[in-house]
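The listed protein sequences derive, respectively, from chains H and D. Take the first sequence: its letter number 87 is residue 87 in the working numbering, and every next letter is one higher. Take the second sequence: its letter number 753 is residue 10753 in the working numbering, and every next letter is one higher.
Treat the hints as calculated values from the structure; they're not laboratory data. Check the hints yourself; a few may be wrong.
Claimed, not checked - Sample of chain D residues lacking proximity to chain H, with all beta carbon distances greater than 10 Å (derived):
(1) Arg10057
(2) Leu10181
(3) Asp10395
(4) Asp10401
(5) Lys10462
(6) Asp10491
(7) Thr10510
(8) Lys10528
(9) Phe10545
(10) Lys10562
(11) Asp10632
(12) Gln10706
(13) Ser10710
(14) Lys11138
What the hints assert, rightly or not - Listed next, the in silico DSSO-like pairs over lysine-lysine satisfying Cα-Cα at most 30 Å (straight line):
(15) H/Lys160 <-> D/Lys10591
(16) D/Lys11083 <-> H/Lys136
(17) H/Lys136 <-> H/Lys160
(18) D/Lys11083 <-> H/Lys160
(19) D/Lys10666 <-> D/Lys10705
Positions of the beta carbon are idealized from the N, C-alpha and C atoms, including for glycine.
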Amino acid sequence: MLYHSCTVLLDCVQFLFLYFAGDVGELVCEFLEVCIHQLLCVRELYPQEIFERRRYINTPVQWARHPDLREYIHSAVTNLQPWVQQGVVDKVTLLVMNKNRTLEEKFVFSFGLKQLSTAGVPAQHLEFALRGFLLKISVSDSFLSPLPPDCSWELVTYLKSSSLDTINKDQPWVPADDEGWDQNFIMTSMKSMRSSYLDMQLYVEHSVEKPTDE
Amino acid sequence: MAGEEKEEESLKRKKVDNVPRGMAWGAQSFASARISSIREKDPSSVSDFGRYMAEKRRKLNVQYNEDSSNKLLNNATAAVAALHSKEGQIVVAEISTKSRIFNGISIWVDGFTVPTHQELRHLMLQYGGVFENYFRRELVTHIICSTLPDSKIKNPRSLSRGLPIVKPEWIVDSIAAGRVLSWAPYQLQRIALEHPNQRTLQSAYLNPKLDHCPLPLDWRDNYPTYSNMMDIDLEPRSELLALENVPTSDNQGPSSVQDGAVNFTLLEEDLKGIEVKADECSETENQGVLESHGKKDSVAIVDRSKRNTGAGYSDAAAAATHSTLGDDNFVQNYFKSSRLHFIGTWRNRYQSRYGSFNDNSEGQDQQVFRAKSGSDPAVIHIDMDCFFVAVVVRDRPELHDKPVAVCHSDSVRGSGEISSANYPARAFGVRAGMFVRDAKAKCPDLEIVPYNFEAYEQVADKVYNILHHHCGRVQAVSCDEAFLDVTDQGDPCQIASVIRSQIFEATRCTASAGVSKNKLLARLATRKAKPNGLYYIAPSEVEGFMDELAVEDLPGVGWTLKEKLKSHNLHKCSDLLRVSKDFLQREFGVKTGDMLWSYARGIDTREVQQAQIRKSIGAEVNWGVRFLVPEDAHRFLVTLSTEVATRLQTAAVKGRTITLKVKRRKEGSGEPSKFMGCGVCDNFSRSETVGYATDSQEILLRVAKQLFNSFAFDVRDVRGVGLQVTRLEAVGSGQSLKGGQGQQRALKSWLAPEISKVMLDESAPADRNSGNQTIIHRSTEPLKTEAGESIPVKSPALDVPKLPLNTSAQDNNDLHAVFTAAESGMRNFIAPDTKDRIQVGRSSTKAAPPPTNLPPLSELDPSVLASLPPEILAEIREVYGELAAQPVVSSKPAKNYLSPVAVMKGAHKTKTSEVSNRVDRREDGIRRVLPLEPLTERGESSRPPSVRPEIVALPPASQLDPSVMSALPLSLRRELEQEYKRQQVKKPDKSTLRVSEPEKLCVERCSSTSLEDLWTGTPPKWVHMFKESQDAEFSNLCVLAEHMAGAVRPFSVVMLSVLPHLSNACSATVSQKVIQSCMELIKQYVQQMIACDLEEVCMIMRVLKRVAAKSQLWRVVEDLITPFVQGIVGECYGGHLKI
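Chain H extracted, bound-state conformation (with noise of 0.2 Å):
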């Protein structure tokens, strides 16, 4: 299903880039979620079982199969739709923590939709922008180390600042205490894409604890 939509939009990515900031916001949310579920993955936060391959701009995800953690997944992001179209939308975190609630791992999609930059790749190498996150995911646990068991995760949004108005009772979303690291932390850069109409990188924080250096 998912496969299917993806195919479609795709075919007019570069037309929506050009024209839609607001389907930017589209694209980018459809494309956090797979995202998500490649990074659940990938992290080993669920078993494996679950997952199944599915593809998506032609390369291989990761896509839960479970119908509730889907939804969650799923109306967690198409939600944040319109703070992204609105520009709003500093980053998108997943964090992950181990069961003493500490955090673990964040995972940083922090985007930055322009009007117009002349810089930057152009709106049809998009495409091949957005699978090198794929991608970047999933090799990531060759540079990120094992986590403990029973590790739970969460979506967190940070807003920039003055947007705060903007949040609607019926959003499902909450306001949350933002889950610092309570030590240093170890910044390593998974991806950055730099186009005319998106801006947008992954990168994980991790605790200096884990000694992940080569």
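Chain D: place on chain H using the hints.
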């Protein structure tokens, strides 16, 4: 033979256990599938069922023919034995002499009959008839059956497809009588009772499709003519017909027969009383035929009737006058009598009538509206009470208070659709859209009146005159319905009641009015007001009013949506208040959900809009379209395109896209049940855009033909053709209708990019400064001269002579001097023959306000010119003077001179710069009036030729259309991007802008300040710096600079690619200067990248690490830079970057 018997057995069995029509649709039935399995051993192995059926029919046919020839000989024995004894004798008696009385008749037996269908088959065999095993509309002439189920009685047409349904006794009696009797008395009793008139009228015309039957030559002699049949048929019913006031020949006795045809001319007298016009919905009854054409072209009818019987061409010929075949005025007549067409063109008329008025008042009115929008809005909804009926009834007082409905035909068969019914009729449950017969069932006294389009038009005009008299903001919904915005015009109720009384006085028709604060509520109020009333919903009452409303009462809630809402247990608007907007949007879609949510609260944000701009004009005919040969179709396209062209001309618009829609009979579907209707069709449409807007019939026709041919349909299958023109532009003004305001789309704006308009605005102050508004028109961004005035840089289009723009405020003289200077300057470059032209150009542009950045004449493509429409061409001529008369002008020098600094035409840039440089050198006086390049100080004329001139005419980056950018060729785009970058850099600091960079850098490269903004420009500043540095130490970095120079790749990649060179190079002593430069380089790069591209930062640091492993210089750099980078990452992201 055994196989045959077996098959017949199975057929019989099937007949018994199937519903009667199982036979007819045996192709789909289970039983026949069984047959197919039985017959599998058939040698002519059949792949699919369709083929099987065809083959089977063929075999049955062959068998039948064989049988018939055999049985003719030995009939007396075998066949008669099978017959009932009582008929047997007769048969025997007659058989030898009248053996072929059923010639031309083909029967199909449905259901249980006495005699059985088997016996009937034998009878048909013997008496020259045809017995069809499977029902096919085009082969069968009569359906034989004894009983029918109720469902079929109610809708006999679905079974018979217009064929007569006759009892088997007809066959037997006919045989007994020795001739074919009229089947009328033998019609199935119940059908005859339920539909008393259908049979007679219908049968006369629509009877058999005999032209498809294999007919022997003597067919005409044996087969009763239509007139005969009519005689027999109609006589017994003449009373009834007369009573119903249906004019047929019976009023004057049996119709006269001429050459076997009914003389329809006799009918003319009777027809005069009938005004009913057939429209596109006209039905099968020949009554309709008579009504529409009897008056107009009775001759044609006689003619047709002759053909009818004479040529045995019944159906096709019957269709002739009623279809595209044979009627040259079909399209016009069609549209003359179509109600839809009336409504459609009414809007046209309305617009042409009130359009100008609206235009005038709109701006002002809008302002008034906006200005006072603080007060409560008030909207009146006026709706005429059953308009179509009321207008007709007002002149017929005898109909007052009687149930009346408007329908195109008061056919007794009652298959016309009621388009409007008055209130007494509605009390009986008569509704618009009902069939007349259903309506009559509900209300037997229902009076059906025909349309009176002229009266409608008059009344509608009067009504709208009144409305416009009272209010400037009128939104016409249809000819009898409108919204008025009367905000701030006093008490809306009073206005409404005045309007209502005036309407009544003027038209003697009543109108109802609803008054409230928005369109939704006003419309709902009208519903309450009807009939002939006024209802006001005060803002305070809205809630209560809405709460009581059922959901289906909301406009936009149709049956489907209602059902959906009901399934969610939402019945009333008050129920809708309970649910969230989110829910509604999720369940019903964003728009619908939003609509429901706000409507339930009485919120309607739509404003009263004045005449909407129409987007398309077209005509479509889906009724009566029948072609035999391609020429028919083409003839039809001629009339259709004429119609559309007329409409375009009436509406004073032209269009660019021409769409042809074709309805093609769906494969396998027979004649449609609606007479001459389109039936089940597949729809196809294709369109073509012509180069310029047109309303010419020739072009429409050409394109339409082309499109029609491109479908490559069998014209006989075409059931409807529509021609539509979209992308309309108003005639004359050359304005696109899009958006209402209409942007100037004439030559000017085509040639000048939109951006130039923006720049016009920008340059406006400059114009004022100079006091030369008439001359300066499209200039680009002002640049400073030493005098401090801004000089708009003139784009050197054709109006080059005017390029010299005032450097100071002393105008005319100065200007004149400048002119001369410019001209003299030009003379140096312009060949003598082109000079004159330029001057011509100047004088013409002087007279009229000079147009925008026109391309030089030499760049105009003559072929394009040739294909331009005359208006545009005229405009071009005007602009270019006489030059355009000579299509090809090759004037190279002029070209150079005249190259525009077109915004998107970066390619021209170099040329212009050349020109300006040359001008600079030759004529010092003229130099400053051609400020194509930024000038810094007076006298600084030694501009290094290596410096690329700027494209000064660039619009602000925000004005750029990304789609345009992406459509540009790569090289061009890159050039533009670079130019933007450069300008971006320069804008903040004007002083750097004017210093030629290399020079400055050379001078100052050692100072630390020179290390600012290393990454600005394309290629980045440091590239020049490193390259041009005389310092030996920098030479090592040159390789890096060289690689960077042309690269669009990120710096990290570049650096990686030159890694070997870098590490080899800097081994010896390292000067502080170089280290500092390198550090700055990285530092600034990181600063630039940190916010958006952490990956690149990470990469550059990794590369640096690798270089550092081999090179002293870079090791130092790395050591110094790492803390800085980590610091900046911490600042931005709060953590440490893993490198």
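Against the structure, the hints:
Every C-beta of chain H lies more than 10 Å from that of D/Arg10057, the closest at about 45 Å, which supports listing it as non-interface. Listed as a non-interface residue, D/Leu10181 keeps its Cβ farther than 10 Å from every Cβ of chain H; the least gap is roughly 66 Å. The claim that D/Asp10395 is not at the interface with chain H holds, since no C-beta of that chain comes within 10 Å of its own (minimum 57 Å). Its beta-carbon lying about 55 Å from the closest one in chain H, D/Asp10401 satisfies the requirement of being farther than 10 Å from that chain.
Against chain H, the non-interface label of D/Lys10462 holds: every CB pair exceeds 10 Å, the least being about 47 Å. At roughly 40 Å, the least C-beta separation between D/Asp10491 and chain H is larger than 10 Å, which holds for a residue marked as non-interface. Distance to chain H confirms D/Thr10510 as a non-interface residue, since its nearest Cβ pair spans about 47 Å, more than 10 Å. Separation of D/Lys10528 from chain H is adequate, the least Cβ-Cβ distance of about 34 Å exceeding the 10 Å criterion.
Distance to chain H confirms D/Phe10545 as a non-interface residue, since its nearest Cβ pair spans about 27 Å, more than 10 Å. No Cβ of chain H approaches the Cβ of D/Lys10562 within 10 Å, the least distance being about 25 Å, so the stated non-interface status holds. No beta-carbon of chain H is positioned within 10 Å of the beta-carbon of D/Asp10632; the least distance is around 42 Å. At the 10 Å boundary, the C-beta of D/Gln10706 stays outside the reach of chain H, the nearest C-beta of that chain being 29 Å off.
Consistency note on D/Ser10710: stated as away from chain H, and its beta-carbon is indeed over 10 Å from all of that chain's, at 26 Å minimum. Not every beta carbon of chain H lies more than 10 Å from that of D/Lys11138, the smallest distance being close to 5 Å; the non-interface claim is violated. Of the pairs offered as hints, the one joining H/Lys160 and D/Lys10591 holds, with about 29 Å between alpha carbons and a cut-off of 30 Å not exceeded. Between the alpha carbons of D/Lys11083 and H/Lys136 the distance comes to roughly 27 Å, so the proposed pair stays at or under 30 Å and holds.
For the suggested pair H/Lys136 and H/Lys160, the alpha carbons sit about 27 Å apart, so the restraint of at most 30 Å is met. Between the alpha carbons of D/Lys11083 and H/Lys160 the distance comes to roughly 27 Å, so the proposed pair stays at or under 30 Å and holds. Proposed proximity of D/Lys10666 and D/Lys10705 is supported: the alpha carbons are some 22 Å apart, at most 30 Å.
Comparing the model with each numbered hint stated earlier shows that hint 14 is the single one that does not hold.
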